[in-house]
Structures are given as C-alpha cells and as structure tokens.
Amino acid sequence: MVRARLATGGLALNRGRPTLAGMLDRKMTFVSGKGGVGKSAITASLALLAARRGLRVLVVGMVEGIGAGLHLATERLEYIPHRVRPGVTAMAVNRSDALDEYLRLQLHVPRAAPTKVLSRALSVLAETAPGIREIVTIGKPVYEMWQGKYDLVLVDAPPLGQLFSYLRAPTTIAELVPAGPIRAQAERMSSALADSEAVSLVLVATPDELPVLETQAVLERLDAEPVVNLEAVVANRILPELLLDEPDLATLPDGPHREAAEHHLAVLAQQSRWLDELPDGPRLPYLFGIHTPAEVAEQLADIWDGEQ
Amino acid sequence: MNPRVLVITGAGGVGKTTLSAALGVTAARMGLATCVMTVDPARRLASALGLESLDNHPEPVTAQPGLSAAMLDVSASWEAMVHRHAEPEVANRLLQDPFFRALADRFPAAQAYAAGEQMSEHVESRRWDLIVVDTPPAGGGLDFYTAPARMREVVGGRLLRWLTGASIPGRRALYKVTARPALRLADAVLGGPLLEEIAEFLLDLRSLYDGISRRSRAIDLHLREATSIVVTTAEPTPLREARRFFEELESGPGRPETVVFNKQLPESWTVSRNLRSPDIGTDVRIAARENLSRWAAEVRLQHEVKQEFVARYGLHLLEVPWVDRSPTSVDALAELLEGSPELVAHVLGPTSEDR
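Line order of the protein sequences matches chains H and L.
Take the first sequence: its position 240, counted from the start at 1, is 348 in my numbering, and no numbers get skipped.
Take the second sequence: its position 158, counted from the start at 1, is 1561 in my numbering, and no numbers get skipped.
Treat the hints as calculated values from the structure; they're not laboratory data.
Errors might be hidden in some of the hints.
Claimed, not checked - Here chain L is said to cover these stretches of chain H; the calculated rule only asks that three of the stretch's residues, wherever they fall, bring their Cβ under 8 Å from a Cβ of chain L:
#, region
1, 295-309
2, 313-327
3, 331-343
4, 348-355
Backbone N, C-alpha and C fix where the C-beta goes; we use that ideal spot for every residue, glycine too.
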C-alpha cells in the first residue's frame, strides 16, 4: 500500500541515512528548529507532500499563533480540526480546550466528581508547575495518533529552546507523581513518544552560527536522553553554487554584478562552514525573491517530490 | 543623574547582540563610560569582547577602554533576587524547591525579568554614562517589557487569590480551609500530593511579593525612561515578532519609535546595468547576470517589506548594511556602524533634553 511504497523511497540529496519516507512513514512526526529557520514552512510542505501521496494528514500547531497554518493558506488554526487542503486537516492546540480534553478523555476523570475543581486547579497551576502545561499540550497530538483517524500526525512543534521541556513532560510528570491516573497516563505517553517505529523528530536548521549551535545542543541532549527518535536534520535555505571563481570575479568591473557575486561567495563560504557542523541530511534550497507563505510550502513540496 | 539607557530588542537571530556590542564600542570611543549588558552572546562575538568568563558583574573590556561588559546569568540573578526579597529560612526553602528551579529555568518571563533586575541595578549604581541592554529574545523581545508585570502576577496574582480564597495577602492560614481541601481531593484522584506541594510552594513564593512588587515597578520606570529600538531583518519570522511590539505594547514613554533593519543589501543592485566588456567571458557574464538578478529580487523584497512596515506604524527607519563576516574584534564592531551614521546619531547623539 501507500506505506509500503513510501518505505522504499529515499532522498537523492540525502547523503546519509535519513529518508523522506522516514519522515512520512510514521504515525507521528514532530518538526522543530530554532525560530525563523523555516520549520513551519517545512511542516506544511511535508503535509502537502504526504497528501499528494494519498495519506490522510493532520497538522497540529503546538504553539498558539500562526505557524504552519499560514503556509497552508488559512488565517488561523482552530482547536477543532478543519480540512485546509485536499487530504490535509489542521488544528492548533489551545491550552484550556486541551486541558479539558486531557481530563475527560485521557485521565477519564468522571464528569460529576471533582473535575471542576481539578480543571481550575490545574489551569492556574499549569502556569508554574513543571510539566503540566507541556503534557497537556503534547497530549493532544499523541491522543490524535492513538485515535488513528489519520495516517500521519505532523506536529509543528515548539522552537528548539522549548522543545525538550515538551518532549520530556510525560517523563517529568511520571517522576513527580507517585501513583494514580496522571502517572499511568504519563508513562503511557512517554513510551508512545519513545517508540521509534511510530514517532520521529525532524529538526530544521539553516547553516548559520546560532541555529547550528542550538541544534547541536539539542542533539546532545537527545543523545543523553532519547525521549524521541531523531529522524533527520534538514538543512534549509542552502544557496546554489555560483558558477564563478575568484579569477572570474576579477574580470568583472566594480559594481552590482561583482558585489552580488562576492556577496554570494561570502555567504556560501559561511554556509559550508556551518553545514559541516550538522549531521548529513536532506537539504533544501534558498528560495529567492517574493514568495507568499503558501507558495513557499508548495515550492518546498515540489522540491521534496522531485528528489524522491 | 541616572545614566542613559538604550534598550535593544527584537527576535532571536537578527543581530541584536552584535549591534549592542557595536553601539557599546562606538559609545566608548565617543568618550562615554559605557556598560553593555548582554545575554548569551555568540562565541566569536564573546571572544571579540573578551567575554569568556563574564557574569552579572560588569568587567572592563580590555580591548576597548571606557567599555565594560556584563553577561546575564539567570540562575545567579534569581538566587540574588530570592535572598534580597525573602526571609533567610524561606529563601533557602525556595532555592531548594524543584518547582522554584523549574520556574526559574522555564517560566518564559524568568530570563526577561532577571535581565530587568540587572538593568535596574546597573542604572542605580550610577557608574556609567550609558547602559546598552541587549534583551533576551523571548517573546520576540516583548517579554522584557511585560516581565515585570507578569512577575507581580506570578508571585501575587490570581493563583494566590485563588489559593487563599480572598484578597487578604499573606494569610497562609486561610489557605488551609479554602483551597487545601479541594487540592487534597484533586490529588487523591490524580494519585499524589502534586497540587498540594505546588500550592505550598506558591505560598512561599508569595512572601517575595512586596520586594518584587517594588523592584518590578522600578524596572518599569527605568524602561519608560530608556530609549528603545527594535531590531529586525526583512525576513518574515523576525518581522512578525517586531510587529507585535507596535501592536501589543501600549503607546507612551518607553515604547520604541525606531526600527532598525539589520543585514540590508544595497538597493543599487536593483538598477539593471549592462555588463559588456571584451575582457569578460560569455559564461562569466551569464553567471554574473543570473546571480545579480536573483539577489536583486531579494533586495526588492526587502525594500517593499521595509516601506510597508514603517508606513503602517509611523516609525523612524534606520538601516544597517549586510556584512559578509560577523565582527571578531572591537575594531570590526566599530566598523559595522561606520556605514550607519544616522543610527549612531540617533541613539548616541544628544538627547532632546540636552539640546
């Protein structure tokens, strides 16, 4: 079937083990990266690509705000999933709805009993208590995966700085609570996240100093504590080679042509320096000029498609 | 007189730290006793300033007379804050509390608030003519402005009112008859003393309220007196965050009126020129033309984005050109601003009061 077909594919650009199939042929894939590296665009492009291949996809925005929705040409994602493209359904987690659902559907707290007290207590305490806000937020995509209504749940995850506190939340809670339904649920969730057959993480980085250093820090942390399986590190916005070398440049007169060529070479040099510091993985090109967010996602999906 | 304070805000990755350092170097060279307060600077920049082992205490930058630098140490700042505002016994209990550590590490405004406290300390020390504050990137930099109020809320707001069941502050006894029974019931369902422990912790935290309330209002005041500039690039993500400043921050003193677009490519690239010379090979010509037209599209995009942005919010626009190499010495930092005299005049020139 579709899954079997995908499993044989691989990215030509890909010089290492990670494959496009690895990102799509899961029940759930998290996409994260430092803010501004294009993680939401890449999440959206993977969703479009999966839909083209006949998968039923749910895109979950884990941070409130715009995120992947913008790239799927919808103004704002709601908590209730909406079909945004053929084959693509999208939603954004909002904390109070998620908390309510978490208590009712995941902890099976009886409606009559202290649900009201609980939900009030949790909602005020979630601001401060380690792990509660995070487990409630990450609980939503995990719940959708368990429900099995979609072939693939693609998660536009929080940026790198916060990623670990979300991915680790079930473990944190299991450590804090000695027994009972919260703990049982947290343990079930943390083993679901750690199931490398079902769940994977894709990190996006641009070949610049800060995104690369932050990515390396997360990779180290994942190494020490493999809460989720890392599928690939996607390098984004890679400049094309310039078909000119230094002697060629010397023949150009002073002015824009030469300046732009020098600029291009300088950025290329910087990129290759930082690219070397990233693990091998898929590479996506820099898209020049004016693109709307929706165009960016479509173009990236075309590029993935072409490389397959 | 209090020193002038220059607050540099914006999303992560737009070059805020580099610009702050460059402004610091430039100010020191103009003869101002300057302190740059930075957060987590990139490695090469750190070594340019000699910042290998910096902390909350400003140290002179050896390569640049007149300039000192400090680097925000969040956990040290929080520790100092607790000792300043709490009884010794409560302070020790708090500092050992796992919830407190989680709050200090993870509460989104924690770093921003710690930076605010440090800024106030440097302002009040009156050791400097100018303090340049490179703000933490959380919330696109907006957190730095909202953190004082949010800290007041965390240590004394809704949570505590709910726990004690009344607006009477500091009545720990009240909690025992109001929220505690409910929390115990909830904990029984959830399987552990989780909520009750959190509540106890929050009650300890409440004892910081008076200190933090006073301190945070002082930070607010310093922020209102500061000159603030928002730094962004023309890329969508930083720009979206910059937009929030002008949409979410109430207008009034302290609200940035200036936006600096960093990493700007030369507009001259958009003017098409012929490239004809017998010395240039055809392949070279084609490649150079193709390359220029790609970058010209970027320049046009940057231009459009900038104009739209400043027009919408009625801002003062300043630009800093793209540099191919990030500065690795104080000279290179100073050079960075040589192409932007307007920026230097705007933020380091005489203030309206001086004039």
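Verification of the supplied hints:
no. : hint    : in the structure
1   : 295-309 : violated (count 0)
2   : 313-327 : holds (count 5)
3   : 331-343 : violated (count 0)
4   : 348-355 : holds (count 3)
Hints 1 and 3 from the earlier list are contradicted by this structure; the remaining hints agree with it.
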